[in-house]
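Here the structure of chain L is known, so what remains is to put chains P and A in place on it, guided by the hints.
Protein chains in written order, with the numbering used here: chain L, 1 to 592; chain P, 1 to 346; chain A, 1 to 529.
Calculated directly from the structure, the hints in this document are not laboratory data. Honestly, I wouldn't trust all of these hints.
Below, in silico cross-link-like pairs of lysine-lysine (BS3-like), each with a Cα-Cα straight-line distance of 25 Å or less [unchecked claim]:
1. A:LYS260 / P:LYS282
2. A:LYS337 / P:LYS305
3. L:LYS491 / P:LYS303
4. A:LYS34 / P:LYS303
5. A:LYS434 / P:LYS132
6. L:LYS112 / L:LYS92
7. P:LYS305 / A:LYS434
8. L:LYS384 / L:LYS585
This one's a predicted model, so the numbers in the text were calculated from it and none came from an experiment.
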Amino acid sequence: MKTDIVVRVCMGTGGIAAGGAEVMEAFKKLLKSKGLKAKIEKNCTMHKVGCRGLCARDVLVDIVVNDSKTTYQFIKPAMVERIIDEHVINGKPVEEWTVPEDYYLFHSKQVKVVLSDCGSVDPEDIGSYLNVKGYDALKKVVTTMSPAETIGVIRQSGLRGRGGAGFPTGTKWEICSKETSEHKYIICNADEGDPGAFMDRSVIEGNPHAVIEGMIIGAYSIGADAGYVYIRAEYPLAVERLKNALKEARQHNFLGKGILGTKFNFDIKIKLGAGAFVCGEETALIASIEGQRGMPRAKPPFPVYKGLWGKPTVINNVETLANVPYIIRKGAGWYSSFGTEKSKGTKVFALTGKIRNSGLIEVPMGIPLREIIYDIGGGIENDKAFKAVQTGGPSGGCIPSHLLDIKVDFESLASVGSIVGSGGMVVLDEGDCMVNIAKFFLQFTQSESCGKCVPCRIGTKRLLEILERITSGKGREGDIELLEDLARDIKATSLCGLGQTAPNPILSTIRYFRDEYDAHITKKKCPAGVCRDLLSYVILAEICKGCGACKRVCPAGAISGEKKQPHTIDADICVRCGACFEACKFKAIGKG
Amino acid sequence: MIDLSINGLPVSVPEGTTILDAARFADIPIPTLCHHPKLTPYGGCRLCIVDVKGINRPVTSCTTPVTAGMEVTTTSPTIEKLRKTILELILSDHPNDCMVCEKAGDCTLQELAYFYGIRENRLDGERRVYAKKDDNPFIERNMEKCILCGKCVRICDEVQGVGAIDIAYRGFNAKVCPPFEKNLDCEFCGQCVSVCPTGALTGKAWGQRGRQKDIKEIETICPYCGCGCSITLHVRRNEVIRVSSREDTLNEGWLCPKGRFGYSFINNAARLKTPFIREEGKLKEATWDEALDFIADRLGKVKAKYGADSIAGLSSARCTNEENYLFQKFMRAAVGTNNVDHCARL
Amino acid sequence: MTNSIPEIENNDVLFVIGSNTTETHPIIGLRMKKAVRKGAKIIVADPRKINLVRFSTVWMQHRPGTDVALLNGMMHVLLQEQMVDKGFVTEWTEGFDTFRKSLADYSPEKVEKITGVPKKDIVRAALLYGEAKRPAIYYTMGITQHAHGTQNVFAIANLALMTGNLGRESTGVNPLRGQNNVQGATDMGCIPNQYPGYQRVDLPSIRAKFETAWDAKLSDKPGLTATEMMNAAMEDKVKALYIMGENPVMSDPDTHHTVKALKNLEFLVVQDIFMTETAQLADVVLPSACFAEKDGTFTNTERRVQRVKKALNPPGKAREDSAIILELSRRMGYDMKYNLIEEVLREIGGLWPAVAGITYGRIEKWGLQWPCPTLDHPGTPYLFKGGFPRGKASFTPVRYEPSKELPDKEYPFILTTGRQLFQYHTGSMTRKVKELNIVAPEAYVEINPADAERLKIADGDTVRVTSRRGSIDLRALVSERPYEGLVFIPFHYREAAANILTNPQLDPVCKIPELKVCAVKIETGHGGQ
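With the rest of the complex left out, here is chain L:
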């Protein structure tokens, strides 16, 4: 009997970080040394695949025997030999290493459009994408559809920008298509900068051709002759795969002159970003491509009228573009069957924080937040209590537990003071201090402000300073009101999205967790026990056994006491590092 065996090793950035390359190497070496080369050479293929979402379980490996797939989790090189011996050679999966039930639950609530081929196609081989009908959409568009018809399909699908603002993609294309200009441009914004977000990176790493195909279709629709992918230099693997994919696409005449025998000319260049968060803002991104300092420009004029080099320009996010080929292939109706009335389709989220199944997920718009957290995410790590979800990164807000049943779509999230954003979703538990979370995001936005406009440059600095004094116990009466007032003024007057949204984490945490702010300011206490300057450690004499463990680890020499007698902490010397708290086996140290 002929046996087809495929080994797929997760080689996204997450997979590689967990040791994917070593696992892959081990498979290659052992398969060869075990003589499998001669035996099943033609049939046993190794595949690098992109992210399949559940990064928390990397390295993930698929062994596919005659189309029957077994998935292993947490694979290390040392485990490879046993898998080969028992599974590849003898056909018996190593049960104890395969993924448990919840792996499938993680996937079952998801609807994969953008990610549908991630994790199965080889991102470094265009053939693999062509096998799953890749570039069929492009062929259909350039040979049978007019630009207006193409835009019509995108409009009908209800696709909205996945970069954060949610502007209807079809409308954007339509406006640009109506501009007359010698040159027009389409730019793929892959400058993903939100802390904890990795949607775009995973899409490019997992299926770069879908993005390229979407871009070419966009270019055809608006009449662009050149495109740029603006991508962070911190994404070397994505850049590498993208470069390779562009080369392959040119070889197949999907890019270049006379695409697929038509008169349509278009090519794509890669522009590496130098790690400025603000360059994700479209006008700053344009300035950066033009060789200027990446600083936003006032709108209007909007880029669709006057963009790159002053020419009409469409800027779409990676995920937006990656949706396009699927919409063209499967139809606008198919796509709009997912989601809600105003938010169609699916959205990719990077689920991180205190969640059991951290990773990349794609869900239909409108899914209840609770399902994401508890079904897909598997609940909170260490069974702690859920506190809030921060969505939309530094521009977003947090959603507290009493709003867990909210639907995740553009309108609903906005109604509670948060945003869908580009898709960051950070889960917070009872151990997180909301003032501290706000401070974290403000530190980020302040240091990433380009400095061009006053409210963002100095205003966020002042917000941060106020938060810093609150978290260090120097908060003043009226600080909450000052924060709210200044935050609103900054939102109203900042030049670009960065400044206009930077105060959101503050406003949203004050809205839902005002009592935490109050506790910091009036009681000088951090209820979550996070803000070090507000903590005090005491030894509970009735529990203390006098073992001396705390005394030994104290870096400040603040603990004293005789052996077998209760010890004490000198609060004046204590630096509140928490080493004693960790060291005490008897839970005799109180923190508060």
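Relative to chain L, chains P and A alone:
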């Protein structure tokens, strides 16, 4: 022409005009710090925000072109409150230095702080501190006073075509500096100094020589090359203490290093202050009567002995038309020769 | 200039030849850069890689003194490409046929050999200029300071005439005047053959007009030019010289010769604001007022008469030049009476109609460009609108002649001189400004890195530059600006005066000396290290 209304007043301006220009055309004041009529609109200071009906947030009037039927409101309690917050933010990171600042009395920021009545600042916080680093002889930089309006950067690039400076770093630490903070590759035209709205950039030679209120301003023409730039001499106690140029001039307010900074020869101690006559091979001080009589006598004698054409005169491209006219008239009518020329060829 | 400064920004092509505009006319340089921002293209022809090259579309690095060949080569191309404005040529010019034939010899191939400019650049420049709608030519001393300077200017005029690029807004020929009132000094008749307003001294009717107005008998014999005066002084033909605000020791070619000539005079008067190199040789030195200490007018390079205002009192006993002349004249028996300085301008207007419409009141804020014949005339931004004053303009066939002194074995380098941004002319003003001398403290000779390496000269070394007329010691500035074989020295520095080296050969027509080309050698190891 586009018709719109500003504060209820009908205004008609050419297409492409910004709200700010339309308002200024209608003599409606809007405060600005980063705007300069000859430079690309920037939209950085945010002071020029106005409300436009139908747009849900204030827009910067300096960057927004007018559209037909637009209804603009340039002032309201909300707008003024936002402007005040912006000023408070700027001043929260600005030395309270007007007492000794060269720019006092001629400082846009000082004026705005006065009009918005900002004294105590609820937004006080950390201020930038910079090590003094100045090895050029022309431009005094007080980086603490820089409000990042970007005019110097734009003028250096857009007008001068030099690009010696740009904004570097991010957030609160953003600052204007030469590439990689290396040495300044600069033509020292001082255009940046001329547009700086605060005391961040001033002339090094201006220091402690007199401020705006002490100055008498006289419009005249630059004494150097043939461009004919209009300059304004700032005079205090019979001394030129600085030179500037108005925007509404042939040279649009721009000057070169000589025109802007090369004026100290006027009050140089080595200026000739008295006539000299050579006696026994040495030049000795003389009175005007002695000198002029001596010249008249000697020229008369030479003319009598060798004829008028043995006398020649060289006039100067640095003298006025009237003086040149008088000089040649003197040579031709009083001396009687056409031997008169100047250095046009050199 | 036939156009005015504000028109520059609307040129679509600027042909800048022999002008280091951004350094010598910085504010005109800004207008040129503004034109580029608005989409214009610049053609630069200069032996040095001047700043403007950075903004140019074509740069022709021709050898100094080969301008005629270069220009003829461009015109040859225009002829070949049939880019002649036939209508303009027929209506407004004469002598085209002879001129056309004179270009036959100047194929781009041949011109490449003479000038060193690649053929393709000559063609490209010619086509750019020929196809432009609003092109203008700009030049300064790089064109004129040659023994064949007049020929150079004719060649430029031919180029503009054959393409009809004259007499329109933003289209014309624009010599840029180097000193603030050099235009005015010429307008005012401080030239040996013309009265104010370019009226010839040897025409009896004109002389009669001036004799009546001035109530004096006037000479009918054209006088001597500045350089001729020096020669005449050497030959004992000129015995007394009155110099008002000039410093020929520094500005004239062959300094040794100039000093000798001045010393040979029986009587020398120098009227100046500082004890200049020339004043030190004088029998009488008179202290005068500087520009900030007097009222009057200057005329800039675009013929704009502008108001100069008194801001200060002169130091010590110094007096305004006008007061000195009036008083001296009175003592010599010719009493010129004016109650106000503006009366002088009124008198000029009576004798030269082109400025009759200009009053101090009218130019209080903005100057007026002559011709401005009446009090309601707005001035004339550009000349030759609808024709030339003489009727038809003539083409003047021009032949390329090599410069008088070319490099040889003994003097292997070409020296060209000029200005730099931070100094001005002979330095009598700028050398007194401390700040300027911090950034531009001393003379230097720009030398190409390849030459420097061959001669083992490092940047900053002191070298001796010697011509057939003298030597100076100065620092070497190793720079890519000059090509191999060319050196450049600014002429502002008395310590190493470039004009000790330069060639006093004059252009036969306008008597301008050949300051832009002479042969020198460069040696190291002469003290001062």
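Here is what the structure says about each hint:
no.: 1; hint: A:LYS260 / P:LYS282; verdict: holds, 18 Å
no.: 2; hint: A:LYS337 / P:LYS305; verdict: violated, 29 Å
no.: 3; hint: L:LYS491 / P:LYS303; verdict: violated, 86 Å
no.: 4; hint: A:LYS34 / P:LYS303; verdict: violated, 54 Å
no.: 5; hint: A:LYS434 / P:LYS132; verdict: holds, 22 Å
no.: 6; hint: L:LYS112 / L:LYS92; verdict: violated, 30 Å
no.: 7; hint: P:LYS305 / A:LYS434; verdict: violated, 47 Å
no.: 8; hint: L:LYS384 / L:LYS585; verdict: holds, 21 Å
Checked against the numbered hints given earlier, this structure breaks hints 2, 3, 4, 6, 7; the rest are met.
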